[in-house]
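Chains as they are written, first to last, in the numbering used here: chain Z, 5 to 101; chain W, 218 to 669.
The hints are simulated quantities; they were obtained by calculation from the structure and are not laboratory data. Bear in mind that the values here come from a model prediction, so they are computed numbers and not experimental data. Heads up, a few of these hints could be off.
Said to hold, decoys possible - Listed next, the in silico EDC-like pairs over lysine to aspartate or glutamate satisfying Cα-Cα at most 16 angstroms (straight line): (1) Z:K70 x W:D279; (2) W:K265 x W:D377; (3) Z:K38 x Z:E77; (4) W:K338 x W:E283; (5) Z:K70 x W:E283; (6) W:K384 x W:E353; (7) W:K257 x W:E221; (8) Z:K70 x W:E278; (9) W:K257 x W:D306.
Residue strings, one per chain:
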Amino acid sequence: MDNTQTKKQTAVITVVGHDRVGIIAAVSRLLADKNVNINDISQTILQDVFTMIMMVDLSKSQEDIKLLADELEALGKSLEISIRIQHTDIFDAMHRI
Amino acid sequence: MFNEFEILETIRMFQEQHLDVRTITMGISLMDCATGDSEKTCQIIYDKICRKAEHLVKTGEDISREYGIPIIHKRISVTPISLVAASGDTRDYTCYARALDRAAAQVGINFIGGFSALVQKGYSDSDRALIASIPEALATTDLVCSSINLATTRVGINMDAVRDMGKIIKQTAELTADQDAIGCAKLVVFANAPDDNPFMAGAFLGPGEPECVINVGVSGPGVVKHAMESARGQDLGVLADTIKRAAFKITRVGQLVAREASRRLDVPFGIIDLSLAPTPVVGDSIARILEEFGLDTCGAWGTTAALAMLNDAVKKGGTMASSFVGGLSGAFIPVSEDEGMIAAVNAGALSLEKLEAMTCVCSVGIDMVAIPGDTPAETISGIIADEMAVGTFNNKTTAVRIIPVPGKTVGDTVSYGGLLGSAPIMKVNSASPADFINRGGRIPAPIHSMKN
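Starting from the given sequences, assemble the full structure and let the hints guide the process.
Take a look at the structure:
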């Protein structure tokens, strides 16, 4: 949380919605196009809802996280699921002391 | 790294439980704007606010997008105008309010606070001028909020000002009668007003504050309520611990946003305000949290005890999550802005007297309460006097933001829309305190103020 340290360029992408063919493919393709590396991926069905969590690295991407958020949101709309990207700092702040 | 539970817990807090950062408030000192020419001073004020806050809204929106955190308001607090305007050549201070209003609109914020005076021990000429200008100032501007500090534990209660503010509130209501007295929703009187409060309508930048500072107010009644649901049937010790954990997480989010905003704007970070603030949205209510303790309806006997415990647990959890805590830091219990409070009033379970008792253990006071328009000014002053006494003698902040709605009476409802919500008109005790109020003078400071 130090102000002067170089910020980590990692983010968490969460996909929540009804399962269907091609969700992972579509999200991965978008990320590959933007040169965003996927560090980790997990998926599960929680209370009948498909949930996918991706840890991604933005350091090699030229894309601004805000633009990426817009594009993921648009992709989510077309697939009728919810896709969010959030900087990992928020999870650090909330869950790590 | 993080496990699924942690990630989904965070996502749900934002998506389902209405967790948000309620406000990023930039405090801007106007001390260096004062000149002998009021018109010139207004121009300098406008220019300075526009310059300092140029990137405030954009920065807030960027942070919101990158972290996926809703940031509801971007706001500004300024040096009390009674101090800045004192050396000017006019005693009609509405021009200052209009300058603040224009600047607020220019930088795109939704409220600016600081049309204020600190009169706990007496009036300067400038304080008198400011207070006399309040009704016109609030009627002719949209974004300006006004606050007056009437009492402190150190010096006691200025009862002359308590008497005068009853009249000013009535006049403000009359001048904005066509909008159900909305002017009164932008006017608050305080005991022990904090200098670094980021929340409206009471935000101003106190005289001991820096040139420019970022204060952040977080909020998450829904998160606290949701966490408490997992502790149903458990004893109160478990419940206290549950609330503390939720408050800790909420506050860490605020701390992250505050640091980011401070870094990006190159403005020092001041404080995090740990208040739980409701909105009219279902699922964002303080009253519903109190009911989760096991009360039928907010206002039932036991409400004050539940609120005391809630307020304390939120502070204990929040304090550990932030290096600097300040402002009001406690649960807000406005009526119009809280769906559960409105329901409790409509059910006849919550009276003005019970609200007063609740203010002994929470952060603000009689807040956003609509009362009949024919309530005498002395009665409003009586309500203020009682609330000032609660704050002064218990060494805490209290406030009154009350709306005597012209032409409306008990049984009616007024609706302001948006975050101000809607309010049922509440019954006011009709016995008169007029002779007490008209005595004037000061109520001396309590004995426990003498700590030196």
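Tested hints:
A C-alpha spacing of about 7 angstroms is found between K70 of chain Z and D279 of chain W, which places the hinted pair at or below 16 angstroms, so the restraint holds. In summary, the hint linking K265 of chain W to D377 of chain W is not supported, as the alpha carbons are separated by about 34 angstroms, beyond the 16 angstroms threshold. Distance hint between K38 of chain Z and E77 of chain Z is fulfilled; the C-alpha atoms sit about 15 angstroms from each other, no more than 16 angstroms. Between K338 of chain W and E283 of chain W the alpha-carbon distance is near 47 angstroms, which puts this suggested pair outside the 16 angstroms criterion.
Annotation: proposed proximity of K70 of chain Z to E283 of chain W holds, straight-line Cα distance about 6 angstroms (limit 16 angstroms). Distance hint between K384 of chain W and E353 of chain W is fulfilled; the C-alpha atoms sit about 13 angstroms from each other, no more than 16 angstroms. Taking the CA atoms of K257 of chain W and E221 of chain W, the gap is near 59 angstroms; set against the 16 angstroms cutoff, the hint is violated. For a cut-off of 16 angstroms, the pair hint linking K70 of chain Z to E278 of chain W stands: about 10 angstroms separates their Cα positions.
A hinted pair counts as satisfied when its Cα atoms are at most 16 angstroms apart, and K257 of chain W with D306 of chain W qualifies at roughly 10 angstroms.
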